[in-house]
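Student: Residues per chain, in single letters:
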Amino acid sequence: MIKTEHLSKSYGGLMVLKDVSAHIQKGEVVSIIGPSGTGKSTFLRCVNLLEIPSSGSIFIDNTALLAKTTNIPQIRQKVGMVFQSFNLYSHLSVLGNLTIGPIKLLGKSKAIAESKALELLKLVGLAEKADSFPDELSGGQKQRVAIARCLAMDPEVLLFDEPTSALDPTMVSEVLAVIRGLAKAGMTMMIVTHEMEFARNISSRVFYMDEGIIYEEGTPQQIFENPQKEKTKTFINRIRSFNYHIGSKNYDLYAMNAEIEAFCAKHLLPRKVFSNVLLLVEEVLGLQTEFSDIMLTFAYSEKSGQLEFVFESVGISENPLEEGVRDDDIGLMLIKGTCESIRYSYENGKNILLAKVKGK
Amino acid sequence: MKNKALMVVLLFIILLSLVGCNGGNGKLTESSTSGQKDTKTTVINESTKLKTAADLKDKRIGILLGSVHDAYATKTYPQAQLLHYKSLPDLILGVKSGKVEAAFYNRETLIEIFRNDNELAFLEERVYLIPIGIGFNKQNSGLREQFNAFLKQSKENGVYDDMVNRWINNGITDMPVIDNPKTNGVLIVGMVSDKGLPFAIVKDNKLVGFDVELSERFAAYLGKELKLVDTEFGSLIAAVSTNKIDMFASSVMITEERKQQIDFSDPYYELGVSVFALKKNIAQYDEQPDTVTAIPFIKNLSDRFHNNIIRENRYLLILDGLKTTAVIALVAAIFGTLLGALVCFMRMSRNRLAITIAKFYISIMRGIPVLVLLMIIYYVVFASIDINPSLVAVLAFGMNFAAYVSEMFRMSIESIDNGQTEAGIAGGFTKTQTFLYIIMPQAIRRALPVYKGEFISLVKMTSIVGYIAVQDLTKASDIIRSRTFDAFFPLIMVAVLYFLVSWSLALVLDYMEARSNPKRNRKAGRVTND
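Chains A and B supply the protein sequences, listed in that same order.
Quick note on our numbering: the first sequence kicks off at 1 and runs consecutively.
Quick note on our numbering: the second sequence kicks off at 361 and runs consecutively.
Here chain A stands alone, though its shape is the one from the complex (with noise of 0.2 Å):
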């Protein structure tokens, strides 16, 4: 279906891509993960050639789409793009949005074109919204809304480019819900995600993308459970890390909630997780002395369900678990009771507390 050989990209001279070479069959549903700037979405816009490649070749349906003969714009009339910013037409309705292809490209007539939007329409949950504008619409119906103008072409394969990156994490679910649709029902696709879980669950192949090239591919067990090269396992057991710094004494606590809540937000963490992390937060700083440079890190990995608190310090070695010191030790009671495990070392002049946070 989709076939890439010695696929090389360069910006300058930066390599983003090098030497890619992949193969898709029909039907297969292949995510794209990895970290930021490692060439995934230059992939994946390499193979409608929204970017021209530097060099290698790409086949769509043994077509060699960088000879000079191919029709491109009619390879990519079978070939959809879903935009991590929607891209809807903002001139057009909703309908508009969905009949405008079929009826310049596909030569079909305005009513035939109509109903078959109205049908696609109801397919992902928006009918009602045929005459609404897109800038009447909430992040997730847009992107809905351009799923199904892709629907509308009939392509033979969907690509996705982080389709869920842009979105407010409560409407995440409602297009996910709607790529799993179409997952179901056996379309070919290529999605670029950060969205593990759904990765995981929904994917027949996984590429693990990292350095410009195809790092490590494989089934999601292979890749989720027991990923076989050091990066990969890196990336999968610390999915998601977050930082805080904090440099005085003044520092914005609500900033810094608002960030931490964001970040259990976007893993879906539990409520429980949640309160647990800010109660520990609040206690251990309760407890510092020395605001000179501090450095929070919350990591949450995805295997293990578990997320790990990291509390830096620099200064001279003080040990805040140290029972007794203080007046009353009920902060120290209250940290306890919200990790399930809690140590203390002393590296570089460095006050090291290492939690596993409770709630899981």
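FYI, nobody ran anything at the bench for these hints, they're computed from the structure.
Keep in mind that a hint or two might mislead.
Stated by the list, open to error - Each pair of labels, with its calculated beta carbon distance range:
#	chain 1	residue 1	chain 2	residue 2	range
1	B	Ala874	A	Ser173	36 to 42 Å
2	B	Arg880	A	Ser55	45 to 51 Å
3	B	Leu698	A	Asp168	43 to 49 Å
4	A	Glu282	B	Arg710	56 to 62 Å
5	B	Arg710	A	Ser55	40 to 46 Å
6	A	Gly305	B	Ala874	52 to 58 Å
7	B	Gly779	A	Gly125	22 to 28 Å
8	B	Gly779	A	Gly286	30 to 36 Å
9	A	Lys231	B	Leu698	56 to 62 Å
10	A	Ser109	B	Leu690	55 to 61 Å
What the hints assert, rightly or not - Partial pick of chain A residues on the chain B-facing surface, computed with a CB cut under 8 Å:
#	residue
11	Asn48
12	Gln77
13	Phe83
14	Asn87
15	Ser90
16	Leu92
17	Met153
Said to hold, decoys possible - Partial list, computed: chain B residues near chain A (C-beta under 10 Å):
#	residue
18	Gly779
19	Glu782
20	Gly788
21	Gln793
22	Tyr797
23	Arg805
Yeah, the Cβ is synthetic: ideal placement off N, Cα and C, and Gly gets one too.
Place chain B on chain A using the hints.
Tutor: Below, chain B alone, put in the same frame as chain A:
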């Protein structure tokens, strides 16, 4: 809509107050009586009243731009301040409103004017005499010889004396019927339409006068059809030396300086050069007590309205001018928009050469005043080609308009999110289709508000086409002023008409803007749950 109604009401209030100011001063023109004090006029005491032309030595003197009086006045009154006026009506208004104490003009025309106007009088009727002649291109001596022969014949058979008698001595303003087989082609004659009687004036929307009859008779002598081209006085010599016209007959005085550029026929008349001023500023006219009481305000107003608009069907002139203005503006806008789209396309292309050409074009067009561009196209680019001046106007305004709209288009196209293009391309549209179906509809909507402003300024900009002999709305008002010497009605009338044209065009564009709003076309109550 409420706002618009309010605007119209406001406009009328402003107009009425203007009328009020003017009428209240009792400053009348054609139907006015003498001796009324005008507060705006420079007050001249008895002691400083003018006695002879020599008194002008340190005064302000009005002169027709490009006329021979200029050199004379400069030489004779080195201390005086000379103000150059573009046409006779302006010159007369200058004297009447006290902008200048006195002005030079030819005696024969002034006699005609004084028949209807008793505010003005000669300060000195014959300062000197000067011959006038017909102007020809230096290469066209054949035509000149023919004219001289024709003139000689006319003088011998008495036709010439009859003409002088009728036009100049008796002030008869009817054109006689002249037999002309018109089998020998066309004779194009340049003429200043507001030169003034007895030589040339627009009456009943036709040119009449001594110069006109002379031209008619010469055309008949040649058996050619006469085509009169209304030309600014300052452009006559340029027009004949670039062959835009075969000759000019506009009582042009024969001078050495002019002879260097063109050839003159034998003199066909000797003009007296006169100095005139307001009667009340001239010592010999002692102030007479007012015998006639002031005409009631409304009556005065309606008289002037009748005089300026209704008499001799002058409104037809204005309607024709309006039509010309509208046509030039519309065609120039269409041409300019298309050209602007082309320039925009070149400017946004990847071809270095095309980009350079487009940039160059835009900066040149934005850097040259339209009037200068208009004259360059007419007198330089198409110097030796017979081209319809309206077409030149369309070209010049269109080219100027194109420079502005091309940048406007570029701005609105570039303001559209790149994601729209990507979505179109990824959806299977070609680049052209993406532009046509996706980018352009959005870009037009963004450009329209600015486009509307540019378009309206284009309409107003066309008021300068009189420079290349197109009779537009402004020119029509000039012609009327040249008959009535009343500035108020023609100017206000034209101002109102320009406003109405711009306003209604803006309404059309407003409507288009509303139409281009996609949400407007939303179908109400679509059944979606069937």
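Student: For each hint, tell me whether it holds in the structure or not.
Tutor: Each hint, compared with the structure:
no., hint, result
1, B/Ala874 x A/Ser173: 36 to 42 Å, "holds (40 Å)"
2, B/Arg880 x A/Ser55: 45 to 51 Å, "holds (50 Å)"
3, B/Leu698 x A/Asp168: 43 to 49 Å, "holds (46 Å)"
4, A/Glu282 x B/Arg710: 56 to 62 Å, "holds (58 Å)"
5, B/Arg710 x A/Ser55: 40 to 46 Å, "violated (22 Å)"
6, A/Gly305 x B/Ala874: 52 to 58 Å, "holds (57 Å)"
7, B/Gly779 x A/Gly125: 22 to 28 Å, "holds (24 Å)"
8, B/Gly779 x A/Gly286: 30 to 36 Å, "violated (47 Å)"
9, A/Lys231 x B/Leu698: 56 to 62 Å, "holds (58 Å)"
10, A/Ser109 x B/Leu690: 55 to 61 Å, "violated (37 Å)"
11, Asn48, "holds (6 Å)"
12, Gln77, "holds (3 Å)"
13, Phe83, "holds (6 Å)"
14, Asn87, "holds (4 Å)"
15, Ser90, "holds (6 Å)"
16, Leu92, "holds (7 Å)"
17, Met153, "holds (7 Å)"
18, Gly779, "holds (4 Å)"
19, Glu782, "holds (6 Å)"
20, Gly788, "holds (3 Å)"
21, Gln793, "holds (7 Å)"
22, Tyr797, "holds (6 Å)"
23, Arg805, "holds (7 Å)"
Consistency with the previously given hints fails for numbers 5, 8 and 10, ordered from lowest to highest.
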